[in-house]
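K.L.:
Residue strings, one per chain:
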Amino acid sequence: MQIYSICGKLQYESSLTWQRPFRSPHHSITLTGMLGGGKNPLPGEISLAHQGVLFLDELPELKLAVLEGLREPLEERKITINRNLISVSYPCNFILVASMNPCPCGYYGTKKPCQCTQEQIKKYNRKISGPILDRIDITIPVECVGYDKLTCLQKSETSEQIQKRVEKVRKKQKQRYKELGIQTNAELPTKYIEQYCTLSSKSKKILKNAYSSLQLTTRSYMKILKVARTIADMDESQYIQEQHILEAISYRRKEE
Amino acid sequence: MAKKFSAELTRNGMVIVSGLALGIDTIAHQTCLEEGGKTIAVLGGGFHYIYPEENYQLAQAIVENGGLLMSEYSPSVQANTKNFPKRNQIISQISQAVLVIEAGIRSGAKITAGYAKEQNKKVFVIPNPLDSKNAKGIQQLLERGATMVFQPAQILSQIDTRYLVPLSTPVKIVHARHTKQTNIYSLLSQRPHTINEIVQKLQEKPQQILQKLSMMEIEGIAIKEGNIYKLKEKR
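Heads up: the sequence lines are chains A and B, in that order. Those letters in the first sequence? Residues 1 to 256, per the working numbering, in order. Those letters in the second sequence? Residues 1001 to 1235, per the working numbering, in order.
There may be inaccurate statements among the hints.
Stated by the list, open to error - Covered stretches of chain B, going by a simulated chain A footprint (3 or more residues, C-beta under 8 Å):
hint, segment
1, 1086–1093
2, 1105–1119
3, 1210–1218
To be verified - In silico DMTMM-like pairs for lysine to aspartate or glutamate, Cα to Cα no more than 20 Å straight-line:
hint, chain 1, residue 1, chain 2, residue 2
4, B, K1201, B, E1053
5, A, K123, B, E1197
6, A, K112, B, E1197
Rather than coming from a laboratory, the hints here were simulated on the basis of the structure. In this text, a Cβ means the ideal position worked out from N, Cα and C, and glycines have one as well.
The shape of chain A in the complex, shown without the other chains:
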């Protein structure tokens, strides 16, 4: 709320915002707009999304500098802006949600024929660099909604039901990390990962094999553990088992 107050974005003079922010800037946004800056350095979108969600649609369409500029914020969860002898630090602890097409025309891997050459597809995917991909915990492919599904009367899980499940797990995590002063697996510092992300012996073996055969980095190794811990939480399992590790691994995406 303090961040919003600086930008003059608070709607009412003395209101307390109870909803987490949801920012979705257009992909033509500038570096300053995204990270912050200007004459009297103001917070950028990443800080406006603090404690909330930053949604970036059409990720490869972002200017390269802006995309790469996200590296540090995603890692440090805060951004320092230097301007005219002024140095300002803003927090930016946001959940990044991004979307992109499989290829320039959008149909690669779907039932419709893809118009792109292999080189075009590679070039498109290469825009998202290895270091950025490494900082992304979960990648999920989403397919076109078939006509049957669109008109299907059969109900799948409602958002409310899913929300309940998520809240239950968040409560569990908050309880777990009471002493550390953090609230989620994502915030867990590296030095505590081994302590809180206990693996079964089978899972240890799988992760070890995965590390070498999939050429994981230390960062991705840690992230897989944290995601697996969340999957295990949602599965109401005390320990991280093989299926949780395997699922977490499947959400990783490597550089093309």
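Once you have looked at the hints, place chain B on chain A.
P.N.:
Just chain B now, kept in the frame of chain A:
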């Protein structure tokens, strides 16, 4: 009609043999399974290329219910229309009799019936409307010695009942390759698949598919490019 005959014959212990093709074959196999019977599908290609693709799950169900998939070809041979007449010959060879539901002039059914005649097996046909495309074909078959039937019971009374298998016969799976990795492997040997395609074809929970795919990736069997999985090329 295929459904009616398949159901009644299955209930009486008949093992239904067909070619897993779309249409009559599929109805014959499916109805047999629905009645709790055993059916044999003779394939026009290798096991890794179940044709048509739509019947992959049917093929699986056939085996799981104590039936049989037969193929003259090694697993990696693609199904080809050139192979179909030979496949039909086998269908006839392993059968006591052939029932023709539809017989277009140049249809597979007629080819099968032709082989049956060579092999001195009975050929049964059912009545078709005079103005249907099958009329000429049925007529030809009748001229060559086929028997017209109106009820499944008529078939049962004209065949050797020693070969009927009571539905209650227990199924004993001797050599089951139950690891579903085999199924994912079979899909990927046909061509690369997206995760969603695999989930749809195997009708399993996405989580389980993802777990198995990760395992295959770690073991070096499969590689992932974007959201497409393919088999790793052997050097």
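K.L.:
If a hint holds in the structure, say so; if it does not, say that too.
P.N.:
How the hints compare with the structure:
1. 1086–1093: With 0 residues closer than 8 Å to chain A, the segment 1086–1093 of chain B misses the three-residue bar; violated.
2. 1105–1119: violated (count 0)
3. 1210–1218: Coverage by chain A holds here, the residue count being 8 at a Cβ distance below 8 Å.
4. K1201/B / E1053/B: 9 Å, holds
5. K123/A / E1197/B: 25 Å, violated
6. K112/A / E1197/B: 13 Å, holds
Checked against the numbered hints listed earlier, the structure breaks hints 1, 2, 5; every other hint is satisfied.
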